[in-house]
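If you read the protein sequences in the order shown, they are chains A and B. When the first sequence is numbered by the numbering used here, its final residue is 434 and no position is left out of the sequence of numbers. When the second sequence is numbered by the numbering used here, its final residue is 434 and no position is left out of the sequence of numbers.
Incorrect hints may appear among the rest.
Away from chain A, derived, C-beta distances all over 12 Å, residues of chain B [claimed, not checked]: (1) ARG40; (2) GLU58; (3) ASP94; (4) GLY301; (5) GLN376.
Listed next, with one range per pair, are the computed distances between beta-carbon atoms [as the list claims (entries may be wrong)]: (6) B:LYS79 x A:ASP150: 26 to 32 Å; (7) A:GLY301 x B:GLY53: 24 to 30 Å; (8) A:THR216 x B:GLY415: 48 to 54 Å.
Hints were generated in silico from the structure; no laboratory data involved. Nothing here was measured: the structure is a model prediction, and the numbers come from that model. Idealized CB from N, CA, C, for every residue including glycine.
Protein chains: 2
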Amino acid sequence: MSLPVIRIAEAGKYEGQDVELRGWLYNKRSSGKLHFLQVRDGSAIIQAVLFKGDVTPELFERADKLGQETSLIVRGTVKADRRSALGFELGVKDVQVIQEARDYPITPKEHGVAYLMEHRHLWLRSSRQHVILRVRHTIEKAIRDFFDQDGFTLVDAPIFTPAACEGTSTLFEVPYFDMGKAYLTQSGQLYMEAAAMAFGKAYCFGPTFRAEKSKTRRHLTEFWMVEPEVAFMSLEEDMVLAERFISFIVQRVLEKHEKELVDVLERDVSKLKNVVPPFPRITYTEAIEYLQKAGHPAKWGDDFGGDEETVLANQFDRPVIVHRYPAEMKAFYFRHDPANPQVALGMDVLAPEGYGEIIGGGERESDMATLEDRIQKHNLPMDAFKWYLDLRRYGTVPHAGFGLGVERTVAWVCGLHHVRETIPFARMMERITP
Amino acid sequence: MSLPVIRIAEAGKYEGQDVELRGWLYNKRSSGKLHFLQVRDGSAIIQAVLFKGDVTPELFERADKLGQETSLIVRGTVKADRRSALGFELGVKDVQVIQEARDYPITPKEHGVAYLMEHRHLWLRSSRQHVILRVRHTIEKAIRDFFDQDGFTLVDAPIFTPAACEGTSTLFEVPYFDMGKAYLTQSGQLYMEAAAMAFGKAYCFGPTFRAEKSKTRRHLTEFWMVEPEVAFMSLEEDMVLAERFISFIVQRVLEKHEKELVDVLERDVSKLKNVVPPFPRITYTEAIEYLQKAGHPAKWGDDFGGDEETVLANQFDRPVIVHRYPAEMKAFYFRHDPANPQVALGMDVLAPEGYGEIIGGGERESDMATLEDRIQKHNLPMDAFKWYLDLRRYGTVPHAGFGLGVERTVAWVCGLHHVRETIPFARMMERITP
């Protein structure tokens with residue numbers, strides 16, 4: 001009998017028909033003459049119902065004993081079932097067991113996080129991880145769609161970078177043939193500045209690395225970042241781009257995953273629905289004043305920690321853009337505000353609900369002499385920046401951009417406390433397995 | 001005067017209107033009362049025509065002396081011009097110079113490749129590199145669109161991997177905190193097998209690394225690879241997926257870039273138009289027989305070099321799939337052919353015109369005992385594969401997949417001799433700059 005082999009997510013197209021499903025046993029329960037097998041195939045979960053009268057006694061008996069994650073092929077009739085999340089169930093006619101799984105290490109009971117992380121290759125199969133990683137997929141796709149539709153050219157930044165531009169303390173080193181050491185990129189920004197001069201609008205999107213000796217819930221050693229850079233763009237336009245971009249991502253996730261976010265992750269999606277332009281904008285100086293009024297011992301020149309970011313963000317019902325930070329706090333390449341050289345034309349976007357900074361960016365210094373001067377003042381090796389200075393030597397133009405971290409964005413959108421669940425195989429100071 | 005600020009590529013929408021363009025001087029020529037400025041902005045190039053009678057004498061005089069890559073803002077009227085590639089030119093009313101560039105290092109004359117690679121941050125601005133990197137963008141987008149539309153979930157594979165699974169000779173090592181060494185990934189396949197068991201259909205797409213001491217025109221130390229993996233997929237279905245996939249990519253490039261491929265890269269696109277399913281399929285054994293008849297000293301058990309691949313591919317007008325290689329030649333995880341255990345259920349896709357292997361893949365061994373046996377025979381550390389064996393222990397199913405290298409695909413589609421131009425910032429044994 002040659003039945004259509006279908007994926008569970010498309011079962012609705014086959015209502016009333018006999019089909020074949022291939023997947024794994026996710027869960028099961030029995031009630032007398034009925035076994036209810038929850039079968040997953042990676043696209044969705046369906047309830048496959050075995051009625052004692054419909055199958056052989058051997059099969060009915062065996063089905064009761066199948067272990068979680070047994071691989072199987074199920075044949076039967078697709079039927080509407082309004083009670084289920086899928087809307088359909090399968091009236092089983094036959095089950096073919098591929099492999100009986102025994103003692104699957106991840107059971108519906110509670111496991112510790114370290115145990116689950118060590119079993120990440122299996123943990124990926126659970127419903128909760130499924131939703132998170134599908135949201136990640138949607139976010140990554142939305143990121144690319146946004147920039148592709150907006151006339152940006154994808155210009156992959158290199159992972160191996162030559163010089164330790166801003167100190168080596170948080171860089172991973174790699175012995176590189178006879179050339180000494182290469183360093184794993186922390187940001188593609190400098191390369192995107194070259195790309196913006198070539199393509200006008202460019203972005204990169206790939207893994208970046210930070211060898212920070214930090215074990216907080218916001219740190220991974222390997223994380224994905226998207227970095228757009230645009231020629232002739234000002235800080236004000238950069239902020240508009242950032243708010244359009246974030247809104248696009250969040251609304252796309254809601255379109256595709258609202259139900260799962262609510263049902264599986266218990267996310268309060270009303271907070272995500274607010275994420276539409278315009279975002280509130282406050283200067284760093286205003287932010288400090290606010291913190292002081294709120295009783296925080298912050299003073300002008302201090303960096304914000306997680307607590308300060310949360311206090312600032314809690315004033316608003318959507319992300320807030322903080323701009324014009326003290327120039328001293330920012331990297332050498334930021335343009336300073338002509339109206340007030342004490343501050344740099346940089347901006348951060350802070351997510352609501354305590355999820356912290358998800359975007360950092362701003363306008364870059366485009367004047368060569370100023371930039372040379374900064375490189376000297378920061379005691380950076382001029383030679384390593386020769387190519388970067390070429391961008392100011394040959395047809396320099398104002399330009400700006402930003403970077404968005406994927407994992408923090410996924411954590412915020414999904415409402416997760418820790419970033420370790422936001423990436424398929426998290427890498428942290430104490431973890432490089434599986 | 002507030003004119004619409006437009007990108008050159010969309011000039012056609014503004015015919016007859018005054019607009020503002022922002023970009024760089026790509027080239028120029030003069031003829032008495034006219035200066036013809038080729039202005040690029042990263043989206044396209046437009047000819048901006050200065051008529052002596054239309055602008056101030058100072059501007060007309062200055063325009064004649066502007067150096068290549070001078071950054072400027074040009075205002076004028078968009079006019080149809082059938083002779084130009086764009087179809088439009090600009091009748092200039094005003095030019096505002098942002099920075100006069102002098103002695104731009106890359107002139108229209110010939111430069112050596114080493115010189116150009118050292119100036120890659122500027123070389124990106126040239127028309128030829130523009131076309132290649134736009135084709136790369138289109139290929140990368142087509143790759144994602146293909147899998148996203150086909151129900152695959154993007155599951156990013158980790159870059160840091162723990163064990164040196166198949167010998168360390170071509171792996172880059174990274175000192176990793178107190179955990180000893182991590183290695184940069186050569187392939188996400190093993191992780192995608194875990195992902196396929198979770199999502200049914202999964203793919204990863206990111207940079208991969210190979211520390212090969214090789215300086216050939218086909219080698220980069222850092223290159224991008226896409227790796228789909230599908231549960232319940234056979235070798236035959238894997239070949240169908242591969243040919244559908246490659247055809248999709250090539251036809252998408254032709255849709256978007258046929259003219260540029262012909263005009264700028266002088267690509268014979270008739271050879272690309274043939275790239276539609278079905279692709280010819282030959283077994284490795286048939287391939288050896290063919291080579292022997294063609295006078296090559298190949299014998300059963302030999303690997304194919306570039307010469308052999310070219311001879312094999314030249315028989316066909318589209319890519320050819322070579323399958324069922326000697327099991328001894330293939331990695332431990334390949335399933336052996338039940339009908340002939342001497343051969344593995346692997347396949348390679350060879351591009352036409354001497355571009356060599358662009359896809360390698362096949363069916364994976366799904367039986368745990370067989371796989372354990374292989375790991376032992378290959379003297380691989382069983383402990384490092386414990387998690388991988390879990391995939392066979394808990395609900396194993398037949399599965400298959402493949403990997404496609406982006407740079408070789410770009411080289412083939414663009415007709416490039418060397419892969420170094422196929423990636424924005426190439427990394428090779430002797431190059432990690434700029």
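Hint-by-hint comparison with the structure:
1. Annotated as non-interface, ARG40 (chain B) brings its C-beta within 12 Å of a C-beta of chain A; the closest such distance is 9 Å.
2. With a closest Cβ-Cβ approach of about 21 Å to chain A, GLU58 (chain B) is found to remain outside the 12 Å limit, as its non-interface label requires.
3. Even its closest Cβ contact with chain A, about 17 Å, leaves ASP94 (chain B) beyond 12 Å, as expected for a residue assigned away from the interface.
4. At the 12 Å boundary, the C-beta of GLY301 (chain B) stays outside the reach of chain A, the nearest C-beta of that chain being 32 Å off.
5. At roughly 20 Å, the least C-beta separation between GLN376 (chain B) and chain A is larger than 12 Å, which holds for a residue marked as non-interface.
6. Distance hint check: the CB atoms of LYS79 (chain B) and ASP150 (chain A) are about 27 Å apart, consistent with the given range 26 to 32 Å.
7. Under the hint 24 to 30 Å, the C-beta atoms of GLY301 (chain A) and GLY53 (chain B), about 58 Å apart, miss the expected range.
8. About 50 Å separates the C-beta atoms of THR216 (chain A) and GLY415 (chain B), a value consistent with the hinted range of 48 to 54 Å.
In the structure shown, a violation is registered for the earlier hints numbered 1, 7, in ascending order.
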